[in-house]
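Novice: So you can see what is in the structure, the chains are spelled out below.
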Amino acid sequence: MDDPRNRAHTPEPASPMADVPVTPLSEKDAPKTFIERGASVPFTSAALMWARVRQRVNIKELLVPGLANTRGIYVFEWAGIPQRFTLTLHDRLLHRAIAAEPAPTPTAIAAIANRVGLSGAAGPEVQAAAQRRVEQAETLSLLARYTIMMRAIERMSGDGTRMAVSELRTPAGQQRAKEILAKIAARSKLTPQVLQERIDQLGSSLADTGLAGMPIKAPVRLLMQQMAQMARVLREWADEGKGDSVIEARLISQVSEETCRLAEQITAIVDDSTADIDALFADWTNGERILRAAVQRAAWLLDGWERLVNMWLDVADRSPSDQSQTLSLMSYLMPLIPASELKPEDAAKWGQFSKTLYTQARNSDTPPTGLFDLEMMLRLEGHRARDAS
Amino acid sequence: MTSIPASGESADVAAETAARAKALDDAKLQQIVSLLEAALERPDGITAKTMLDQLRPKLVEARPHRRPHLRRSLCEPFEDMLVNGVTSGHLVGRIPRSAIMPVWDLFIERGDQKVIGPAQANPLDKAATAAALDHFVAVMKTELAEASAFATKGRSLLLRLGGETHYLALEVMVGAVSIARQIAHLKAKLPPKPIREFNDEHLNVLAETLNEILKKSSERIATALFVVMARMAEPWKIANVLETLAMTGRFKSSAGINEFSSAALVGRLETQVQAVEALADKPLAGAPGAGKAPDKAASGAMAASLARDAGDAVQSLAGTREALEKAGSKAQLREVERARQKLREVVDAKIVDGAASAIVGAVSRQSAPLSAPPDAAAWRNAELRAVALKRSGAYAELLTLHGDVAENLKRATEGVEKAASELFTQIRRGRLQGAAREAARQHVMSNARLMEILSGPEKAEQLLMRGLEALGETL
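As you go down the protein sequences, you meet chains A and B in turn.
For what it's worth, this note's numbering labels the leading residue of the first sequence as 113, then goes sequentially.
For what it's worth, this note's numbering labels the leading residue of the second sequence as 3, then goes sequentially.
With the rest of the complex left out, here is chain B (with noise of 0.2 Å):
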């Protein structure tokens, strides 16, 4: 399953309804999930299913009350740790939301419907739901060592499952299940995202909450801490928090976490990654389509939109990167590198390479004739391009672009200052009146806009007082 349609149609479609629940009220948006979700039942519920899904980064963000389900109850204690598509690379913390379905349908198989079925007919029953859950987890285990006592077994639940990837996340989804109650316990009490700092308060409920899983299963402290990193502003800092309960006596932490915290941070990083390249990747919204026009502005729209999603990642990656050389493996370290590889790579080619050229390009283009205004979609197409191109060099050292960036703001700058200077020559000489006049003005305007962007007011200010002198006027 991904959440990035293939076709340029569909994703119009797709980023035209995520814009529209992007603008909706809570209200209007719980009116709306509860409207999908009785569709879902009927059957032509794929539809109310697309549109969910279209919806779903709205609804993680504004989590809206949804129709009470088992299988939303099962998915809830892991629920910060899945991601959309098909997980490639590192694990930790990372569930596809794929694999809910395959694990679902076979525990309805496999599980005791006397246990299962009061929960499904009552989701709001608290006790017949957690008791429905602690045998997803009994049910489940005995599965996974039977998989893994006998290799026919451990085969035919992989095909049963999907693929490895699947596999590895029931594992994950057993251990977060196994520890519901305190996972629901941590949410409730802990502050909503994103977490600058905890105070006194939030540490303590931190460390009571560890303690008691620890009681129950040290290897399920990750999930804990999973569910803590998904709420902090800077997840990097997992093994600040840590250490300042160690210092305090609240929670003696050990090795063990500090690698899996280690570990997630890289998964998070993955995870972050994946979605820049998935955006750069995207077919332009405004893309020539059947009976449509195309947007002029689209591919600077989408390389400003990945210019500040890839600053979010390379914050990240920075992050990420000073915490693991201090407590992280070198394979982690690889793993960073592997990764800022691949940020660089989307940002060079989306973002650095040939912008230079595409601004001077729209910058020539637009000066002729000078009798015409400037077309206003291909001007803001060049301002979004310097747009995306200044917003990379605030990352650009992280990324060893910066010799790029500031090479292609230097021609960009330089390309812009020769348009002028011709622009005004031509302004000179043509003795304008009337219409084509004011478009030579605005031409001015624009090129002086464009300095603006790319090397700030001043030299901005400069441009258009020789443009307006070349006219004849003054401001």
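Extracted from the complex, chain A is given alone in its bound form (with noise of 0.2 Å):
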């Protein structure tokens, strides 16, 4: 990747982006990792709607794609971004969180990010919108955990007994759950308490992910659908010729499934592993290590796209040549998977997607000033209270 800082330029405090000479990122000097991708930050500023955070050694960097409409990607120092950008309050403090945070993984992001809107700081929509993912968050674990109960008092306690989810939500039916995974944990010589805790433990790793047959869907599974209806829809807005943006329309649709598709294998890991529960209990370590890869590959997978199907959503009422011009900067945001975390089967596949991406070059909309942005601003927490709706 070729790095902005190893130029000329002096750093001006909140100078506009115009300043900035541009590098255009060749196809191959794509990021490899997603570790080197980086992490996508749901910051406000609207220079920053597309910026990624990396940890490298003990350096923090921000990665700003799109600044001159081009597949160019700028690397800065996180600890200069407040003197380079005009952040809005928001941002100052996701800033300074994300400062302190070692591995700045999407799920690690994802928190910090729910915490500072939960301060208020991006306004009392987002603050609620805040408010109601915790809530969430600790519905879906109390599902989780009693999904994986009842899997377990299936498999396990040996005379087909089974538990509904509304059973195990009263004292007398936790009292009788409590009875017969004492009985399995005795069969599977351990004590109680650590299949309590193995359960815990699983309860709270899947509830991003969901597991099947919870009753809700999980957050990840709710976005994959979501990808799935605008890889439909913009397959048809191709196939139909509805504006010019037709080869990024295409492409975009594609991507979207075809990540989909990649996510849906881990959700088929996540699937099969707790419906042979007796299974991954009798190989924990090996089993818990495998799910829990599988969860962070999944929040890698889809890092970014919430915010793509968003912008999406926000034209999917409007003209054609307005969805075009959204696509066309759609293509340039879009987050392909880095080489090396493909299957080597995948591989030719995205190296085509990413092909025709970087011989896509076109121009869109008018490249963020870099100045406080109070419209894009609103825009941005609107996807923010919209995304935990």
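Heads up, some of the hints might be wrong.
To be verified - The list that follows gives simulated cross-link-like pairs (lysine-lysine, DSSO-like), each with its CA atoms no further than 27 Å apart:
hint, chain 1, residue 1, chain 2, residue 2
1, A, Lys354, B, Lys30
2, A, Lys354, B, Lys143
3, A, Lys354, B, Lys239
4, B, Lys143, B, Lys239
5, B, Lys128, B, Lys143
6, B, Lys195, A, Lys354
7, B, Lys128, A, Lys354
8, A, Lys354, B, Lys189
Unchecked claim - Simulated coverage check for chain A against chain B, where a stretch passes if three residues somewhere in it have a Cβ under 8 Å from a Cβ of chain B:
hint, stretch
9, 411-424
10, 427-435
Stated by the list, open to error - Simulated coverage check for chain B against chain A, where a stretch passes if three residues somewhere in it have a Cβ under 8 Å from a Cβ of chain A:
hint, stretch
11, 194-205
12, 437-451
13, 463-477
Note that these hints are calculated values from the structure, not bench results.
Glycine included, every Cβ here is placed at the ideal spot set by N, Cα and C.
Put the complex together from the two separate chains, hints included.
Specialist: Following this line, the structure appears as structure tokens:
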């Protein structure tokens, strides 16, 4: 990746972006791993709406694509961001909070962003949305635990006993579950506490991804559903030639679909492992490691897509011309899966996506100026509120 | 007929239907429209009609496939000119939707069923439809000629159609329908709205169509131009398009065309200003109704939304004025000035006047008692009033409201600053703990957030730091 810090330009506090020289990124310079690509940060400052953060040994870096309507990515040292961009109040707090995070993964950034949202720095709607997210996370974690308990009882009690979620919600049902689980623990040569700890651990780590049979769709599966819908709509949009950005619409549709397919492989691992719960408990160390890695991979795979889906939703009922402009911008900023994160059999397909993307260099919206943009801030806050509604 | 419901409750229903329609995807919308159109034919079809009217903004935008109907085919040539409500002032390029039914009824009564019948029976029969449209032009031309020749017939037609506005609309309709084929060709060949720039291919199509219409009737050029203007992102640049056509010898424009395009611009502007006025007069969607709690953020939401729509109208006003200064008449410029005055009044009354007091009042009320967290809805309302004020600042100069906006912004900023200082003093005195401390933190943040909207993030951060310092905290 070309690093503009190596080039001659003097940082100016909150300078307009037009002053910054731009170096287009070539296809071969694209990030090779998720960590190198960085995790997306839900900034509300216009210039940073597509920015990512990554950790390089002891230095945290900000990666800013789309500054000049090219695939070029600018790299800035994290500490210097407030001097370089005019950040919104929310982003000032987010910047400080992320600075203290040793491993900025998508999950860690999402948690930090929700904490900052809860403070009210992005207004009452984002605050309410952040509160809903907290409550939703608790509910999902509980439901994941219940689902795993139901599975364990069904598969491991030995006498075909079954319990429903509604039953587990009552004190009598919980007492009964406890007794059954104690027997299962004894049969599995575990203490009841260890078995319960494992169930709790699974429940909390799988809350965001969800598992088959959960009565509520978890955020990861919900996003996958939205991406699949967007892929379908954009494919039709391209087939009907609704506007100028047919190539971009088709490409976003394909990448979205393919990303969903890779994410489905992850949810399949989660669903298979938790369906075969006795095997998972029997080989706990290995099984838990695989599940943890799967959950992390799902987060990296889908990182950044929430904002793309929101961008499309913003123009879904607008004119084809507005949609074309947005599609063009979306194509610049669409996260591709880094080459080292792909299986060999998928490499050719993603190589083709990358090739199409880099040859599809077109002008889109006016690049952000780097100054405070109230309208864009309100729009991005609207996305945050919409995500949790 | 008006699209603005009279009562608050029906306004709620209409707004809710419109909001739901906005979120519909094309397939769902198509499904709903088909069901409603089928229900129109039933004796209780009035409900379906009301719902279709509520869906109209979405229908105009998404243009789902509608059930073919001769009346719909008749309206297609002038659909870009249709406006809701009764038009006042300029009529060029503005046909009130309410004129359609009286004109249609007249056509059915006076027209020859042998011509109309086949097109009604099979609206997909292109030849029958074309014959019916030609027949419409012939029948209505006769009606208009007789009305013009005989005063009694003129009065009778006026009464029959429901007034002068509808009578004048009929004249425009006849003109548009007489060039229905050319308009359909133009619509099919031009890119969808909004066209920012015409490429060579588009200019060729435009010239070809205009020349064809010119051969038929030079008076009808105006109608075709209106279709083009409806597709343009900046319709006030129509004169530039005509100039390009003339310079390249593709189509020689005449003074008459420039006059029309100027008049049509004024008409379009007036429609836009009326829409802003209607939005300003609309009952608040969250107003207290039977069994409903009032929405405390409703007035702020209305002001913020009005500020955005008024911004679009002001942009159109600026473009129109610039175009008319070059090619328009003094009378047209006076019309633009009148439109500017109307916009100024609306923006002043609904957004600017009293904004500072509303914002500061909300902040001051919020801080007492300090132990309770701020009321989210009231806080949101103050924010939205501030957003509206800031938005109006972007075009205040054109409305000669810049002094008032600046003054309100200054007073609101100072008010928030003062309220924050008092808040910090209370916090220092209070030695707050637990929930009270958390509530105080929320008050600090809500003040900082308001400051950000009013004065930007620098001042907001300074205010936040002072608040945290009062709490004995740091970031």
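Novice: For each hint, tell me whether it holds in the structure or not.
Specialist: Taking the hints in turn, this is what the structure says about them:
no., hint, verdict
1, A:Lys354 <-> B:Lys30, "holds, 18 Å"
2, A:Lys354 <-> B:Lys143, "violated, 39 Å"
3, A:Lys354 <-> B:Lys239, "holds, 25 Å"
4, B:Lys143 <-> B:Lys239, "violated, 33 Å"
5, B:Lys128 <-> B:Lys143, "holds, 22 Å"
6, B:Lys195 <-> A:Lys354, "holds, 12 Å"
7, B:Lys128 <-> A:Lys354, "holds, 25 Å"
8, A:Lys354 <-> B:Lys189, "holds, 15 Å"
9, 411-424, "violated (count 0)"
10, 427-435, "holds (count 7)"
11, 194-205, "holds (count 5)"
12, 437-451, "holds (count 6)"
13, 463-477, "holds (count 3)"
Comparing the model with each earlier hint shows violations of hints 2, 4, 9; every other hint is respected.
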